[in-house]
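Asks: Residue numbers (my numbering), protein chains in the order written: chain A, 644 to 934; chain B, 71 to 427.
Treat the hints with caution; some may be incorrect.
Stated by the list, open to error - When the alpha-carbon atoms are kept at most 25 Å apart in a straight line, the in silico PhoX-like pairs for lysine-lysine are as follows:
{"hint": "1", "chain 1": "B", "residue 1": "K265", "chain 2": "B", "residue 2": "K85"}
{"hint": "2", "chain 1": "A", "residue 1": "K921", "chain 2": "B", "residue 2": "K194"}
{"hint": "3", "chain 1": "A", "residue 1": "K921", "chain 2": "B", "residue 2": "K284"}
{"hint": "4", "chain 1": "B", "residue 1": "K85", "chain 2": "B", "residue 2": "K417"}
No lab work stands behind these hints, which were simulated from the structure alone. Note that the structure is predicted; figures quoted are calculated from it, not measured.
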Amino acid sequence: MEFAANLLLAGIVKGVIYGVVAMGFVIIYKCSGVLNFAHGALVLLGGYIGWALVFQAGLPPWLAIIACFAAAATVGLIIERLAMRPLVGESVMVLIMATIALDQILVGGTVTAWGGLDRQYAQIIPAGSALEVGPFFISTQHIMAAGIALLLVVGFALFFHYSRWGLAMRGVAEGHQITRSMGISVKSILSLSWALAALLGGIGGLLYGSITGFRIGLTHIGLMSIPAAFIGGLDSIPGAVLGGIIIGIVESLGTGYIGNAIGQPLSYLVLVLMMFWKPYGFFGLVRIERV
Amino acid sequence: MYYPPSGVYNDSYAKDLMIMRTGFQWVMLVVGLAAVLTLPLFSSDYVVRVTIDIFIILIAVHGINIVTGYAGQITLGQGAFMVLGGYIAGIMSQQFQFNFWLALLLSIIGSVIVGVIFALPSVKVKEMYLALVTLAAHFIIIWACLYIPGMFGLTWGATGLYLKPVSFAGLVFDSSIKFYYLAFGFAVVMTFIAKSIARSGLGRAFVAIRDNDKAAEASGININYYKLVAFAICSAYAAVSGTLTAYFIGWMNTEAMTLTDTVWMVGMVIVGGIGTTIGPIFGVVSLLWMRQAVMLASPAIESTLAGMGIGGIGSGGGVLILAFGLVILLFLIFEPRGMAHRWSIWKASVRLWPFAY
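Bound-form chain B, shown alone (with noise of 0.2 Å):
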């Protein structure tokens, strides 16, 4: 929810719908592009690997945003659409020698109808049943990509496939500061096409959808067929997310993306905020960066397990997925509409400082 400042006015709907309401916002938008245009330029190759990463799972959890947030159906198989996407997109730039937009393109669509035949059964059961079917997508495509792709000489099997770096108008992006610049306009574009999308018709047929199917119903709205919009949309920025992460690791095989991959987007959803376009970003920024923190401090957590007599091999990981689970659950208690929630209430708190009603 949006409180703006007293002044600003919703007295059209063309204004209603638009992004940027005050100046400030507007002086925030140019600081922030330029904050995070210069940060390769001060920062070591390790933080800019990891914004790339950022960026890149943006995407991917914009989509689950969309489908799980907006239209209210929940997801398991981001991931596994992730390694679709970014199969589709190697195989037709190494073995088909197509260009990048042209593989970008046809991964899109690949994936989109994978991703609409796995959802038609929701337009018949919902809730979990459509998490069993999403988790089953997983397996089934994971399975497809490691087999089928290599009886045809396409893969190495499990070796998976590997990739030329990108390269379009005379541009070769072959270094992270390079990718970094693309990645950051993949993760741009698709954040306002994810604004754009809950801001119109779409979104609110999705929300609709959402908050009550009957009642969306009876206002006309065809829910089958918005169902599987939410989910060609999902599929669509999961094959973006994956064909970026094809390229920028140089490689693709079915151990890029795993169910635990799949559940960390989803839980990046929950963290953020779920059902609106900002969450997702706190969602990814805060939760990436705790794996990274938890994972330098592995090796001193270890050694803290072994004097205490417990833990082995493998323990630094385990105390991972111990504090992801963990901020999951606090969350879902303490605060379920995530990061941006009290981002705005924070915004509100200031904006009326010190004379607070």
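Excised from the complex, chain A in its bound form (with noise of 0.2 Å):
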């Protein structure tokens, strides 16, 4: 029972920051209708950016921590500005391929630029040591890495749901041609919409990373972050970190009970079931189509 429980507290704590790296698909999602494959890519080369800022440019963490984050919302607007806007209108397909070559291109040169071995295992949340409280161990690392996690999904939440910027995201999401007619640029919305899906690819990265080193698999979480946010519902922010818990739970209990690979097809197998029962997740808009 004690390790059920704790493969359970685990799993939320992992969750919370595969809700977050979620999040950046929900965000692209929600601007452009189609699910941004290059998200890994984002989450591996914002991690890469944050090691090689402190361990080898030797920055002080909090100020590699911002030029990090800025870094990344650059590579964003980037990918904006020369791989998505040329192919605005195209279809689903075309983009869905785009993003693919994106990861690939991202991917690519993370790879050429700090070579294919594993870095040294480098925290830039402090590792802390273990807490102990009643049945549970955990560390303040994963505590402190779940916390920062939890604050961001209420800010972008918020953001999303209040400020005019969210509101403009949402009507591009509907549509572009009624968006531009109320006066709202499209093109700086879509921008701003990928440097934020960047940012939240960055921000996984040094989360992730400083828990399990910085290596090329940092892009696993982007692929266990697509069931994610799947089953909490494409369009939904919420619903991106309700996903990340459930997916985050199913991977720990996988792993502690069956076996060490089964977590990632496990999660799929959740999709895929999700997929049949539910197949705009648990908060996404259900689509009906007329003739």
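Combine the two chains into a complex, taking the hints into account.
Replies: Written as structure tokens, this is what we have:
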């Protein structure tokens, strides 16, 4: 029982980080109707930039984190300007392939710049010690990472719901022509969304990289967050967090009770079953097509 | 789009459907076949092995082209279906001593059944959701192949399984030159089948679904049935390709085809020309040779990068991924119809030279 409770807790903590990364998927999906397969690569790149700033350039961690976020957002802006804007109005299939190509470019660029080997284990968030609360064991590092992640989620949810920019983003998701006729610049909204998504990727990379080490396998968190975003509903921010926690628990329990490699297949099995049951997720907008 | 020379008329449906329309095409067919058939006689073993790889991957890419190019559904599961096909064929031929053709048949049947099961959600959702289901299929199939046959002692776990060379009718395909002709035969037959699907009623139904599924349904096409058929065909192609891969390399494990390989195959469809039968040929040949070229150059690239103070071990592989991603993105932005479109434009301009309109 204690084993199960600890697995559950570990799953929730991990799931919150998945939720942050899944939020990046949701932001791009909301404004362009496409699942951004390059998001895992943005996580990887963000993590590596942060690592390089601390351990290669020797910046103090707080400055490195700010610089890393700025760099990640800039990467997002560049992607939007050079790759996604020429493809506005193309079919969903072309857009998906473009994001897959972007994923390859970003992963390839990261490997080219830093090599394919694992980087030294480095904590940008300090490791701290293990806390024992009743039957639970948890490290302060995990609690800190999950706390930062939760703050971000709440912040983004409020931003989307109440700010003018958030409202404009939701408008862009509905249709470009209508939004433009309301005097909203679709281009700048798309740029903003990509910058935010890349920023979230960078945050996810720093958080996850501090826990597991900086290595090419960081893209794994992108692949794990796809089912998370889907289960919650691809256009819902609270849904992304709920989905992240569900996937975190599924992965943690599966790994604990079945075997080490089961996490990813099990999460995707949940995705497939979910697709039969609720194709638009728990909080997703159900689209009904009429001829 | 095929622009025939002046004087070639489509005055009957049979003529419209014909593949070979002019005498010159027959000449080119004979010359082309002769060139490919004699290639192993005057080229190194390296070239022969890369060409075998081209033939095998071409079959899988034809499958993706049918489901993505013609039926308009995205698949990211082709590599996993190849692994599945290779595993079924390997287990059947090594553990149960079935001959090559029976193993191939069972591999196709098994792959089609699994493919249709995973395609079932496609009747409910479309486009991106389908990319997700096939991505799920990838992880689930790879996991199942890695662990389930091992539990029954059919494979050696993560090591996979070993295969004896193909042998039938007294022939043993144990050298790369012999296997070259086997793979070439399969590539020709599967390309012909792909072309025949494209020009038959089945292919037209696929195209109708791709272009406008509501209009297709209004025209009496059962969308759900045809989507499943497209997936079944795609899985069958993957099974053939996977079986050949397993026999060619002599072993099969779940590392033989990764998600990266699947992405490469989808990229080959785009670079070649989506929704044409000649496109996959262009795409596979050009991208596989690009991969070989970058791999040959990667030690030089790594030392250059090290001289600039960046990079590390494995940077050459990074350059390969980077180059692939750039090629796909540039094709999507500047020539979404791929090399096949450029090829037909070039043919028309050569034919009209020097008196272009």
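Asks: Out of the numbered hints, which ones does the structure contradict?
Replies: Every hint satisfied by this model.
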